[in-house]
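J.: Below are the chains, spelled out letter by letter.
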Amino acid sequence: MIDIVDSSIARKKVVESVAQASAGAIVTFDGTIRNQSRNKPVTHLYYEAHPEMALKELKTICDQAMHRWPLNDISIVHRVGRMEIGESSVFIAVSSAHRVDAFAACQFAIDTLKTTVPIWKKEHYEDGEVWIEGYKQ
Amino acid sequence: MIDIVDSSIARKKVVESVAQASAGAIVTFDGTIRNQSRNKPVTHLYYEAHPEMALKELKTICDQAMHRWPLNDISIVHRVGRMEIGESSVFIAVSSAHRVDAFAACQFAIDTLKTTVPIWKKEHYEDGEVWIEGYKQ
Amino acid sequence: MLKLRFFASLKDLIGESEIEVKLEGETSVREVFNQLKTRFPKLETYEPILLVAINHEYSSLDASVFPGDELSFFPPVSGG
Amino acid sequence: MLKLRFFASLKDLIGESEIEVKLEGETSVREVFNQLKTRFPKLETYEPILLVAINHEYSSLDASVFPGDELSFFPPVSGG
Chain A
1218 MIDIVDSSIA RKKVVESVAQ ASAGAIVTFD GTIRNQSRNK PVTHLYYEAH
1268 PEMALKELKT ICDQAMHRWP LNDISIVHRV GRMEIGESSV FIAVSSAHRV
1318 DAFAACQFAI DTLKTTVPIW KKEHYEDGEV WIEGYKQ
Chain L
1218 MIDIVDSSIA RKKVVESVAQ ASAGAIVTFD GTIRNQSRNK PVTHLYYEAH
1268 PEMALKELKT ICDQAMHRWP LNDISIVHRV GRMEIGESSV FIAVSSAHRV
1318 DAFAACQFAI DTLKTTVPIW KKEHYEDGEV WIEGYKQ
Chain R
40 MLKLRFFASL KDLIGESEIE VKLEGETSVR EVFNQLKTRF PKLETYEPIL
90 LVAINHEYSS LDASVFPGDE LSFFPPVSGG
Chain F
40 MLKLRFFASL KDLIGESEIE VKLEGETSVR EVFNQLKTRF PKLETYEPIL
90 LVAINHEYSS LDASVFPGDE LSFFPPVSGG
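Residue numbers (our numbering), protein chains in the order written: chain A, 1218 to 1354; chain L, 1218 to 1354; chain R, 40 to 119; chain F, 40 to 119.
Because the hints were derived from the structure by calculation, they are not lab data. Check before you lean on any hint, since a few could be wrong.
DSS-like cross-link-like pairs, simulated, lysine-lysine; straight-line CA separation at most 25 Å [to be verified]:
1) L:K1273 x F:K42
2) A:K1273 x A:K1229
3) R:K50 x A:K1273
Input sequences plus hints: build the corresponding full structure.
T.: This is the structure in structure tokens:
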């Protein structure tokens, strides 16, 4: 499952999408909205994507992960739009026969997503808002 | 949350138990019953614990993880008794401000659990059953 | 014609999420960007960090574009 | 008295999950184990891998036990 959604991520469904009888491990990463950033209180976040490209880059990450590790499956869902504190902006689930592969692939997926997938977040504070920019690789 | 249960692990509740407004990452490990082991089909599994000691050792793992990494929280629930293919025998959830800590602590927790927590599994096959034994550390 | 798309802070700077510019033959992304800079001088500060995609594939300022292409400009990503 | 508890394959071998043995003063875990071996000779094969806990704390064959203690014997763990 690879998706970009504009409402709550159905985490249970994402987990179920990678469950298989031959899998012994499911590792998930859930990126949640923090109530502060750089020591400043955050009221909420807004995420914007380049939708066609973001889907394509998510697909590339899944293909690379399936190629590099013996996985059963991997799913990534990213949410866009406004999100409140504690809500999930991204959810990744990876299943494999043995746990080391699921851990490694899940970390690879979120690390790569944060550098290659064209999605941006804007932090909102009591007194304003700022687009967050990553680092050019 | 630290628990040993004899029916399905309420995974959603375990995740919720570590959710906090200051956490930016939740990493979970879900150990699921595989339909084969050592190239032999498995029909189901049975887990037995030394209940008092297993709880104590799970607590030690959580204390060590909280001490070694800047975590928001960590929960571990292990199930005992009979389990069918695909069911979860163990579920770990770790929350932290930054994802590297949640990943590291979650891996540490399951790696340590598999060597220190007095729980044993018996694999059932079409033609018999075998207690699985780990390696003495 | 060439379709230009902008995202995040670049979209705010341009004030539009997409615009169309005239293009009758091959040109470079850099040339398109330089023309944009004459209209939006603040783009200058984006040049060192700018990311470029042609038809949804990452590319660079030195690449060529042709009529009908879709060119995306955006800052380094910050999703996840 | 001393309470002995057995788990997993060791429980199957002994045929009981716990038994009580007479103990009137200090002795070593090894001594308790050796007496068990005379009743259950197959325990011999467990000696190199055996894990021991006294009152729910990991211990060893060389440790001392006292009347009222609870001694657990089990094979290397395989949970998770």
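J.: It remains to establish, for every hint, whether it holds in the given structure.
T.: Hint check:
1. L:K1273 x F:K42: holds (19 Å)
2. A:K1273 x A:K1229: Distance ~24 Å between A:K1273 and A:K1229 Cα, so the pair holds.
3. R:K50 x A:K1273: holds (21 Å)
Going down the numbered hints, you'll see the structure goes against none, and every one checks out.
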